[in-house]
Amino acid sequence: MKVLNRFVMPTLALVLFFGTIGVSQATGSWVTSGRQVVAAGTPLGVADLKGWMTLDQAAAGLGMPVADLIGLVGAPPGAVTGATAFKDIEAIVPGFSLATFRTAVQARLDLAPKG
Amino acid sequence: MSPTTPTRPSGGTGRLTAYQRRMRAIGALHHRRYAVQLTVAALVVIAAVRHQRESSSGAPSVDALCPFGAVESLWTWVTTDRLLPKIHPSTLIVGLGLLISVIVAGNAFCGWICPFGTVQDLLHRAKRGLHLPELRVPPRLDRALRWLRFVSLATILLLSAGTVTLWFAGFDPYLTLFSLHWLFEPDLATMWPALLVLVLVLGASLLVERAWCRYLCPLGGVLSVLGHLSILRVRRSPTACTGCNLCVKPCPVGIDVAKPVPAVSTDCIGCLECVASCPTGGALVVSAAVPGVRRRTPSAPAGPVPVTIRPRHERDAR
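Protein sequences appear in the order of chains A and B.
Residue 15 in our numbering sits at position 15 of the first sequence; the count goes up by one each step and never skips.
Residue 215 in our numbering sits at position 100 of the second sequence; the count goes up by one each step and never skips.
No lab work stands behind these hints, which were simulated from the structure alone.
Predicted model, so just to flag it, every value in this text is computed and none were measured.
Yeah, the Cβ is synthetic: ideal placement off N, Cα and C, and Gly gets one too.
Among these hints, one or two may not hold up.
Label pairs and their computed distance ranges (CB to CB) [unchecked claim]:
| no. | chain 1 | residue 1 | chain 2 | residue 2 | range |
| --- | --- | --- | --- | --- | --- |
| 1 | A | Ala75 | B | Arg197 | 28 to 38 angstroms |
| 2 | B | Leu344 | A | Gly63 | 40 to 50 angstroms |
| 3 | B | His146 | A | Ser29 | 26 to 36 angstroms |
| 4 | A | Gln106 | B | Ala143 | 25 to 35 angstroms |
| 5 | B | Arg258 | A | Trp52 | 47 to 57 angstroms |
| 6 | B | Arg258 | A | Asp88 | 50 to 60 angstroms |
Here chain A stands alone, though its shape is the one from the complex (with noise of 0.2 angstroms):
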């Protein structure tokens, strides 16, 4: 009967556990990001809207026309388009915050028809 350290199952549970995430980084498997799952269509709701997304991303989520989205932003005509990220917006537009457009957009989205 061999006899081992006690404590080769917890280092077992370590080396695993974690050896498993340094491999996917070091394949560039490691992903923590939701922004694929976003460009696949997902549905989003407000609480989604995440400062890296571009406001052509938020539109497809949400289900509404990003002309809509653009005009609740509040900034000047054509500083703003599609392919720009919420978090650029804050340089844009003074005084934007994705918390404040948020309920913004889900005021509108309370006011469109249902179905």
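Here the structure of chain A is known, so what remains is to put chain B in place on it, guided by the hints.
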């Protein structure tokens, strides 16, 4: 050998009694386990702070680091090839890592890695420091309450698959605590259900050690089932065991370690508290069934061969 019988000096342990060696083994275990637990918890907190403060850094959210997200998203992923919102490929990787870890090394994830388990252990230490009483749950009630983990798991899986959302995220005490929304974006109007669950769970963990792990953790339910496949498990030898029951009290999840034969319940979180507390050599060991390896003795049956991992104090005494 009696727990209090003095033994001859050996190795670097000097003239230590069996009791002193046992205390040393327990202390060494605590140092290692708490160091690992606190390091992992600190890494999760750092990730959460970076995610909250550096929104453009690409730092992952706590959702991306939670293995239970992989379980919640599994049905949707298999049937639609899409992930639930807030679930990312990294969540599946973390889930895969946990699966491999559990199959090889048992549920040591719960005892050594899970940050919410760490919080509950810290609460228990604080309670002991304050000399607060421990609530003893009657054995029959304890056994019945453990089924709640599976009720919780089934409810979460059904609602996640049905609503195609991360339904449990609004109540998950791990997520509530470690996402740090309560610190960086406090909004009591929307967060009160999650905060209420968190407070109740932490309160229960003050009364009963690791109450969340014992009775409600849905991931614990999954691991309890997968634990039957684990290669490494804590096992008790009925011939060596003296029935002193010293292994029962330190178990954080209230397993009656002195009873099961041959393997301790799959509710075991692999913390090794019982193994370190055992004063009798070979009575409580971590052993591995290695498939495909035969014993060298001619009379041995084919199949898995146990490889025994003994406490250091036992090996030192040889």
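### Message
Given a hint of 47 to 57 angstroms, does the C-beta separation of arginine 258 of chain B and tryptophan 52 of chain A actually sit inside it?
### Response
Distance hint for arginine 258 of chain B, tryptophan 52 of chain A holds at roughly 48 angstroms.
### Task
Just tell me: holds or violated, for the beta carbon distance of glutamine 106 of chain A and alanine 143 of chain B against 25 to 35 angstroms?
Violated, since glutamine 106 of chain A and alanine 143 of chain B (Cβ atoms, about 55 angstroms apart) do not stay within the stated range.
### Query
How does the Cβ-Cβ distance of histidine 146 of chain B and serine 29 of chain A compare with 26 to 36 angstroms: does it lie in that range?
holds (35 angstroms)
### Task
Take a look at whether the Cβ-Cβ distance between leucine 344 of chain B and glycine 63 of chain A falls inside 40 to 50 angstroms.
holds (44 angstroms)
### Cβ distance range 50 to 60 angstroms for arginine 258 of chain B and aspartate 88 of chain A, holds or violated
holds (57 angstroms)
#### Entry: Verdict for alanine 75 of chain A, arginine 197 of chain B (Cβ pair) under range 28 to 38 angstroms
Once the Cβ atoms are compared, 32 angstroms apart, the range 28 to 38 angstroms for arginine 197 of chain B and alanine 75 of chain A holds.
Figure legend: structure checked against the earlier numbered hints; the only hint not met is number 4.
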